[in-house]
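Respectively, the protein sequence lines represent chains A and B. Note that our numbering numbers the first sequence so that position 225 is 225, with each residue one more than the last. Note that our numbering numbers the second sequence so that position 15 is 285, with each residue one more than the last.
It should be emphasised that the hints constitute simulated quantities derived from the structure, not laboratory data. There are no misleading hints in this set.
Taking lysine to any residue and the SDA-like style, the derived pairs with C-alpha atoms no more than 25 Å apart in a straight line are:
id	chain 1	residue 1	chain 2	residue 2
1	A	K224	B	F541
2	A	K186	A	E161
3	A	K186	B	P300
4	B	K535	A	I112
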Amino acid sequence: MSIWKKSFLYMLLSVAAFIMFFPILYAFLISFMQGGEVLQGKIIPSDFSFTNYESAVQKVPLLRYLWNSFVVSTLIMVGQVLFCCLAAFAFTFIQFKGRNVLFLIFISTMMIPWEATMVPNFQTVRALGWTDTYLGLSVPFFAMAFGTFLLRQQFKTIPMEMYEATQVAGVNRFQFLFKVVLPVSKTSLVTLAIYCFLSAWNMYLWPLLVTNDERMRTVQIGLKQMQSQELATEWGVVMAGVVMVILPTLILLFLGQKRLQEGLTRGAVK
Amino acid sequence: MIAGKAQGQLKIKARRSMPSFVEGLLYLLPSILLFSVFLFYPMLKTIYLSFFLTDAQGNAELFVGLEHYSNLLQSTAFRTSMKATLLFVLYTVPAGIILALFLALLANQKLKGIGFFRTIFSSTMGMSVAASSVIWLFMYNPAIGLGNMMMKTFGMSEMQWLLSPDTALISVAISTIWMNTGFSFMILLGGLHNIDSHLYESGKIAGVSDFYTLRKITLPLLSPTLLFIVTVSLINSFQTFGQIDILTKGGPMESTNVIVYSIYKDAFVNFNIGSASAQAVLLFAFILIVTILQFKWGEKRVHYQ
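With the hints as constraints, model all of the structure from the sequences given.
Structure (structure tokens):
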């Protein structure tokens, strides 16, 4: 590659990176500004003090929201990975009548937009007495066709001979799943887990519907509340809240980016 | 003793020979159960409710047949909502995919430090809709936001962004494109990685231009991934909610009242659950059609390696 082409590429990359990352950087900078500075339209804060972060935590129960989101996301992640593992295992290693039909039914669930079902789901959760509970926030999302599909692609790479060999050795199917299939598929499982956690953490509409109690709100709803209460007066505090909400997922993404990209593409295309 | 042992063996045998149909179903049971309770049943219930007048709790009270549908098709509010939804899809999907493709091609170069740029480009995947929307809400603030500061710097007149019915939808669309780029970028970059590098090398030996390589090798081989991301983007776009709720609340003058927001408002604010259900059924139909079209079109046009 010629030096000209190289420098041109680096320039393009830098400009694109700056533009793409700017909103995040901007939120970060604003989060250190006092009211006056924000109103003057400054870009760089005069000093980096954490007062906005302190007031964000004091004004709304942000730590409680963060905890709620963490619990709900972890529950959804564990539930989805577990259910997807079991289903994908059946679709790969157990031959039975009607399997293809069931697989088609699984795929067809991807065509039902979740929003089209939210009214009856809300009624169900209310009838179960699950409003304002972690169960109501997480259980409806445990089954996931995309994840089942993704894991099935991975499981299919395990040779059938391996399965037959363990059968001869007297290992039953359930043990085979936990002793052989899952350890071999660690990468895909981690990918799926990261993906599930990110999507759950970022859920918005469902938590909005099924939480009324201040103490059960997730962080995304907390942000919305914070923004509507503090609007126009204390943008620095609001942005401090934003930074605290995005930090966990950004870190998770930065750590898992490579793995996520490889794993998701595999599920998407093959 | 012997009898006990024999019994034990029998038990093992019985367990072994559990019909695979039952065993398969056992593994699938958790998922099937949840899909039934939280997906298939509510979808049917939604269709059912769309034929009824309900009380505020959503209990069906009076069968009205297709009245909700015919009312919707005649109402200007619904037409506005449809128009907003379709325009929003049109604004966000093509531009979003082209941007993500551009970034993915750029980040697919073998350069030192490229990992850093890849991470930056995918960063919006870790940004929630709520957090992103709050940031953009500030940027669109006419008095102190970055949007008008930039307009001033470039000598253009200030804009009302989210506050004017003419620009609100496009402003929400711009922020949405930004939010979705991370995911599309990541998928497309993964697709580019999967293309056999030998093909590029033979292209290089044959001395063809970069543009020719892109058009004749990269894009055709990337088409399965492109098709996937087009489908996902279309479906996501139809399902937009969070950014509307934070940025505009469907306004001004209903100009950003996209279909999911409209369903939400009808069901949970106006308690007009029958009409909300009818809209939900229409949303389902849209997405079904889009998916089927993609499949049909995809089979003909997509190259698989």
